[in-house]
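Just need the whole structure built from these sequences, with the hints factored in.
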Amino acid sequence: MEPDKFSRKDFLKFGVATSTLAAISAGTFNLVDAAGKGETVRVLTADGKLVDVEKASIKLADTSKKREEVSFNRLRARQGIKGRKWVMVIDLARCKHALACQKSCNKHHHIPGDRQWLNVYEMQDAPATSPYWMPKTCFHCDNPVCVAVCPVDATFKREDGIVLIDNERCIGCRFCMAACPYSTRVFNWGAPTTNDQVETEAYDPEKGFPRKMGTVEKCDFCPDMLRQGMLPHCVEACPNGVYFFGDKNEDTVTNGGETFRLSQLLKDKGGYRYMEELGTEPSVYYLPAVNRLVPFEEPPKTKDDKMGDMNHH
Amino acid sequence: MESATTIEQLTIDLQPRKFGRAGQIWTGVLCLLILNGVVSYIFQLKYGLSVTGMSNYVSWGIYISNFVFFVAISLVGSLISAILKLSNAKWSIPLTRIAEIIAVANIMFAGLIIIVDMGRPDRITNILIYGRIQSPIVWDVLVVSTYLVISILLLYIPLLPDLALLRDKMKGLPKWQHQLYKILSLGWIGSEEQYRILHKSVNMLAVIIIPVALGIHTVTSWLFASTLRGGWNSTNFGPYFVAGAFVVGAAGVIALMYVARRNYNLEKYLTDDIFDKMGKLLVMLSLVYTYFTINEYLTPAFKMMGGEKALIQDLFIGHFAPMFWGVQIFGVIIPVIVMLFKNGRKPLPLFIVAVMTIIGAWFKRYLIVIPTLFHPYLPAIEQNGVPKVISYFPTWHEWSITAASLAGSLLVITILFRYLPFISMWEIAEEEGLNHEHMNPIAVKPKK
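Residue numbers (this note's numbering), protein chains in the order written: chain A, 77 to 389; chain B, 131 to 578.
Hints listed in this document are in silico derivations from the structure and should not be mistaken for laboratory results.
DSS-like, lysine-lysine: derived pairs with alpha carbons at most 30 Å apart:
id	chain 1	residue 1	chain 2	residue 2
1	A	283	B	176
2	A	345	A	179
3	A	158	A	283
4	B	518	A	183
5	A	142	B	176
6	A	183	B	176
7	A	233	A	183
8	A	172	A	183
9	A	179	B	518
Structure below.
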């Protein structure tokens with residue numbers, strides 16, 4: 077069962093701090109690593125001796141631990157956060173296209189330069205009406221087309237309302253991208269550009285990295301932050317308090333500074349959802365751009381202004 | 131056909147023959163194209179779909195439109211060997227096997243090319259492990275594989291008497307080929323009982339394949355129609371796809387029977403009359419298709435709803451207009467006009483318009499898949515909200531893989547033509563009134 081260069085007895089003697097069972101399975105799984113001769117590392121055994129161990133066998137133990145972590149993460153990601161129903165309200169009257177939301181999102185999700193999870197659109201409903209800025213996250217629809225068409229349940233709707241993707245399961249058919257009417261989903265067309273720190277982490281669907289080539293990704297409402305009782309990065313970063321986030325069950329939304337009753341806010345400010353007629357039931361509401369904080373102003377139309385340095389790859 | 135046909139004569143006329151120089155060059159070219167595509171695919175496996183021209187906006191490209199083309203052309207198997215057969219159209223008997231060969235070769239490559247489009251082909255088993263029956267892709271996987279199985283049966287079962295004939299009567303065969311026919315004919319002796327079972331099973335399969343055939347192309351259309359995107363969000367798509375599929379399939383049969391007749395001197399079997407009838411059939415199918423095309427574009431163009439307006443303009447007068455009108459004019463209108471004339475249904479002109487129809491049909495699939503993706507509901511933007519011009523140009527890798535898949539299906543057709551009688555000998559013999567005893571003399575021996 078075990079590769080000959082890496083017996084169970086040796087393993088116990090080395091005393092690498094991990095469970096024997098996991099190590100056996102890892103040893104069986106990762107033959108190549110175990111066979112590789114290379115650098116040695118000095119470790120302390122259980123009976124207090126220092127021994128030199130091949131670095132490859134240490135990595136083995138790490139790998140098995142990481143695999144356990146990944147399967148835990150993937151399981152947890154499907155369950156969602158109990159008793160919650162996340163909802164977002166975006167106040168268009170406050171947005172002045174500062175793009176702090178996008179920057180923060182890009183930074184915290186380590187988003188490569190060829191894509192965005194969050195976009196701010198210049199909208200104009202009719203030629204005679206005034207233009208306005210419309211930030212757009214994933215709408216985390218209650219009737220999500222993307223989830224409906226996925227052939228392998230790689231993208232799913234959680235009980236807390238979040239639509240998430242398991243990049244370890246996605247087969248890359250891109251049906252969800254074709255189906256989403258909001259152009260929300262982006263694809264890892266090639267090997268994802270990333271940094272070493274991200275690469276060493278255990279994959280977690282709630283973070284969306286390390287990225288996997290040939291799979292789909294998108295805005296995830298930052299469930300890793302929500303688990304810690306914190307707001308999504310875009311909400312935190314916005315200097316004008318455009319984004320309100322909260323729990324529909326509690327009927328409360330906050331932008332970090334102000335807190336409102338969700339139902340009251342939608343009622344008072346005439347809240348609506350984008351393209352209600354599509355029947356997707358978004359979890360994101362908009363407040364119309366009336367009584368604006370600042371007048372609408374066109375940004376300089378160049379590709380390489382302040383966003384450029386964010387996406388150095 | 132003269133009534134003096136003997137089974138010996140039939141065997142000599144229709145038995146598989148060695149390729150001449152042209153056939154060898156043709157096969158060689160196909161192999162080179164396939165090799166080239168395989169190399170490109172290896173690059174794609176290594177570097178991911180970034181070697182294609184697809185992007186986050188145009189997330190499906192010619193792999194998908196080529197897939198739709200393969201599914202479409204494979205539908206002809208059911209048209210000729212099921213619909214025409216069940217309606218007792220005797221004239222189409224010599225075409226049955228040609229149609230089934232087209233069906234099998236193309237549905238095989240429909241399955242393959244869809245794997246090429248996957249970002250993670252290594253996870254293909256996820257469809258079996260985690261498959262959601264609610265997803266139209268899973269419906270497509272089920273119905274395409276069902277169609278493949280039934281098509282193979284519809285090709286293979288009626289081959290049994292012919293394989294036995296070749297086993298018994300074909301002279302000068304290499305040993306392996308004789309052995310192959312012997313194994314594949316499954317010990318066929320040609321008894322009346324066997325023929326009874328054969329007729330019964332083929333009739334049953336012919337009935338079964340009709341709903342499955344409608345299913346493959348209807349479900350394929352639903353891959354698009356089940357989304358909320360302008361241009362795909364159409365209730366017309368199922369019948370529209372089926373109608374278009376019959377057109378390209380019938381054109382495929384015409385093209386292939388012309389090539390076969392020319393190279394094998396089969397004027398006696400693939401008569402001018404059959405060409406004439408296929409021409410009329412193609413006219414009818416094209417007109418039905420045109421009716422659906424008008425349905426598909428006229429009402430949205432009349433209304434110009436938001437979400438469809440820009441797409442319609444793009445097709446009629448914009449970026450895609452040359453291709454759109456090219457397909458309508460050279461792929462449908464001119465062929466129909468030519469075929470309305472009796473002389474236009476003669477073999478050579480019919481062959482030419484059939485090839486035009488096939489090429490038009492390939493680009494028509496492009497027009498179904500790609501332009502919609504150029505028109506998302508929200509404006510396309512890049513970094514920093516800068517407006518983005520959506521574009522899509524298939525790359526060298528995409529073209530070479532697509533060419534390889536087309537060459538692959540042609541190679542399968544070529545190989546089947548080389549080693550199988552592509553006109554059903556025993557069915558012709560039955561039509562000629564020859565007794566089964568003539569074909570398989572073993573069966574004549576009285577059983578005690």
